[in-house]
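Undergrad: Sequence:
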Amino acid sequence: MTLTADLIRSTHAAIAPDTVRTPLVRAARLSLMLGFDLFLKLENLQHTNAFKARGALAKLQTLSEAERRAGVIACSAGNHAQGVAYHATRLGIPSVIVMPEGTPFNKVKRTGDFGAEVVLHGSSFDESVQFTLDLAAERGLTFIHPFDDPVVAAGQGTVALEMLEQNPALDTIVVPIGGGGLIAGMAVAARAVNPGIEIVGAQAEAFDAVKAAFDGAAPQTAGTTLAEGIAVRAPSPANIEIIRQNVDRIDMATEAEIEDAVFDLLSHEKLVAEGAAGAGLAVIKKNAAHYRGKQVGLVVCGGNIDSRMLSTLILRGLVRDGRITRLIFKLDDRPGQLARIAAIIGEAGANVVEVIHQRMMQSVALKQAELEVVIEARDAQHVEEITAALRDAGFALRTGSEAV
Numbered sequence: 001m002t003l004t005a006d007l008i009r010s011t012h013a014a015i016a017p018d019t020v021r022t023p024l025v026r027a028a029r030l031s032l033m034l035g036f037d038l039f040l041k042l043e044n045l046q047h048t049n050a051f052k053a054r055g056a057l058a059k060l061q062t063l064s065e066a067e068r069r070a071g072v073i074a075c076s077a078g079n080h081a082q083g084v085a086y087h088a089t090r091l092g093i094p095s096v097i098v099m100p101e102g103t104p105f106n107k108v109k110r111t112g113d114f115g116a117e118v119v120l121h122g123s124s125f126d127e128s129v130q131f132t133l134d135l136a137a138e139r140g141l142t143f144i145h146p147f148d149d150p151v152v153a154a155g156q157g158t159v160a161l162e163m164l165e166q167n168p169a170l171d172t173i174v175v176p177i178g179g180g181g182l183i184a185g186m187a188v189a190a191r192a193v194n195p196g197i198e199i200v201g202a203q204a205e206a207f208d209a210v211k212a213a214f215d216g217a218a219p220q221t222a223g224t225t226l227a228e229g230i231a232v233r234a235p236s237p238a239n240i241e242i243i244r245q246n247v248d249r250i251d252m253a254t255e256a257e258i259e260d261a262v263f264d265l266l267s268h269e270k271l272v273a274e275g276a277a278g279a280g281l282a283v284i285k286k287n288a289a290h291y292r293g294k295q296v297g298l299v300v301c302g303g304n305i306d307s308r309m310l311s312t313l314i315l316r317g318l319v320r321d322g323r324i325t326r327l328i329f330k331l332d333d334r335p336g337q338l339a340r341i342a343a344i345i346g347e348a349g350a351n352v353v354e355v356i357h358q359r360m361m362q363s364v365a366l367k368q369a370e371l372e373v374v375i376e377a378r379d380a381q382h383v384e385e386i387t388a389a390l391r392d393a394g395f396a397l398r399t400g401s402e403a404v
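Residue numbers are given in full-length UniProt numbering: position 147 of the sequence shown equals residue 147, and the series is strictly consecutive.
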């Protein structure tokens with residue numbers, strides 16, 4: 001079967017009754033910040049909180065009665081796993097999901113909660129694939145690939161059909177890329193509706209296999225990335241060919257840029273998004289001048305970010321914005337110093353979050369002490385006002401970002 005616009009349209013009609021038609025919303029604060037209209041397709045509100053449920057359902061609907069009775073198997077560390085498990089259970093189809101051994105417990109639990117048998121094997125998606133294929137042959141299960149399947153890609157392509165129905169005036173659609181199924185399906189669908197629309201892919205620098213193939217360069221596929229949902233070492237050759245024919249360009253995002261973008265979606269638009277979606281916003285921010293005067297659509301492809309990681313990301317974002325700052329004092333070790341410092345900080349309208357007062361483990365003189373105070377302020381300018389007030393009161397200090 002070939003991925004075509006007709007296949008995507010028929011797939012859309014087939015899955016629509018059991019798929020959330022997610023909103024396409026104008027990002028008011030980000031649009032103001034960027035200087036152009038940015039629209040967000042909220043696939044983080046889809047069943048299982050990711051677009052992958054579309055392709056999983058599309059494939060499951062094509063199974064014969066015998067294949068349904070035998071069951072299905074998939075290999076995934078997250079969103080595809082949950083999409084297959086959710087819809088398979090809903091349709092009464094047994095499912096087995098192979099997940100890498102390092103998969104966060106919450107993702108394993110969610111997949112099991114949807115009714116799948118979870119098998120842990122290998123250290124990555126790529127290491128788990130052959131094991132999955134062998135297990136499929138052994139048990140007579142139908143393998144549902146997360147991206148290297150035209151029916152799955154057609155299911156993902158329905159996102160573009162909805163976006164252009166919701167806003168036909170979109171000039172550009174930005175799509176995160178892992179194995180290429182989402183952007184391949186969306187590009188074919190979007191070009192059929194509007195041949196002149198700009199399609200831009202977004203990848204993490206740490207896993208740039210599709211970008212490298214697109215440019216004819218050697219891929220970088222090592223290390224770790226916040227955008228683990230698009231950390232694919234071996235994308236589909238069929239998808240890469242479609243990308244070459246239908247995608248205008250692929251842009252890259254660093255880990256710091258992805259982290260900033262996920263924080264922006266949360267702080268400005270109150271949206272919980274995973275790193276893959278952050279890669280999309282990151283490349284938009286990097287190329288903001290190119291998009292001036294245009295209407296840009298971004299797929300917020302998923303919201304399944306680990307809660308502990310999100311907590312750390314929020315705190316780091318607050319530090320970058322100057323809203324949480326560490327003040328380090330060198331003090332004479334006598335009573336009342338901490339009270340004076342706290343009073344000045346309070347009078348300035350800031351809040352003390354944490355205090356560490358040490359006499360032993362530092363290099364200051366014997367009759368001195370080192371004090372660390374973590375404060376919550378309005379912004380970086382507010383921090384400057386507070387440090388100026390403390391210095392005017394005679395305290396020697398530096399912020400955590402300043403050199404010793």
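I should point out that these hints are in silico values taken from the structure, not numbers from a laboratory.
All figures in this text were calculated on a predicted structure; none of them were measured in a lab.
Please note: incorrect hints may appear among the correct ones.
In silico DSS-like cross-links for lysine-lysine, where the CA-CA straight-line distance does not exceed 27 Å [to be verified]:
hint: 1; residue 1: K270; residue 2: K107
hint: 2; residue 1: K294; residue 2: K109
hint: 3; residue 1: K270; residue 2: K285
hint: 4; residue 1: K270; residue 2: K294
hint: 5; residue 1: K286; residue 2: K270
With beta-carbon atoms standing in for the labels, derived distance ranges [unchecked claim]:
hint: 6; residue 1: R29; residue 2: R308; range: 25 to 33 Å
hint: 7; residue 1: L318; residue 2: P17; range: 36 to 44 Å
hint: 8; residue 1: L318; residue 2: R68; range: 43 to 51 Å
hint: 9; residue 1: N167; residue 2: A389; range: 25 to 33 Å
hint: 10; residue 1: R68; residue 2: R308; range: 32 to 40 Å
Glycine included, C-beta positions come from ideal geometry on N, C-alpha and C.
Undergrad: Against this structure, judge whether each hint is valid.
TA: Cross-check of the supplied hints:
no.	hint	in the structure
1	K270 to K107	holds, 23 Å
2	K294 to K109	violated, 42 Å
3	K270 to K285	holds, 18 Å
4	K270 to K294	holds, 24 Å
5	K286 to K270	holds, 21 Å
6	R29 to R308: 25 to 33 Å	holds, 26 Å
7	L318 to P17: 36 to 44 Å	holds, 43 Å
8	L318 to R68: 43 to 51 Å	holds, 49 Å
9	N167 to A389: 25 to 33 Å	violated, 49 Å
10	R68 to R308: 32 to 40 Å	holds, 38 Å
When the structure is compared with the earlier hints, violations turn up for hints 2 and 9 and for no others.
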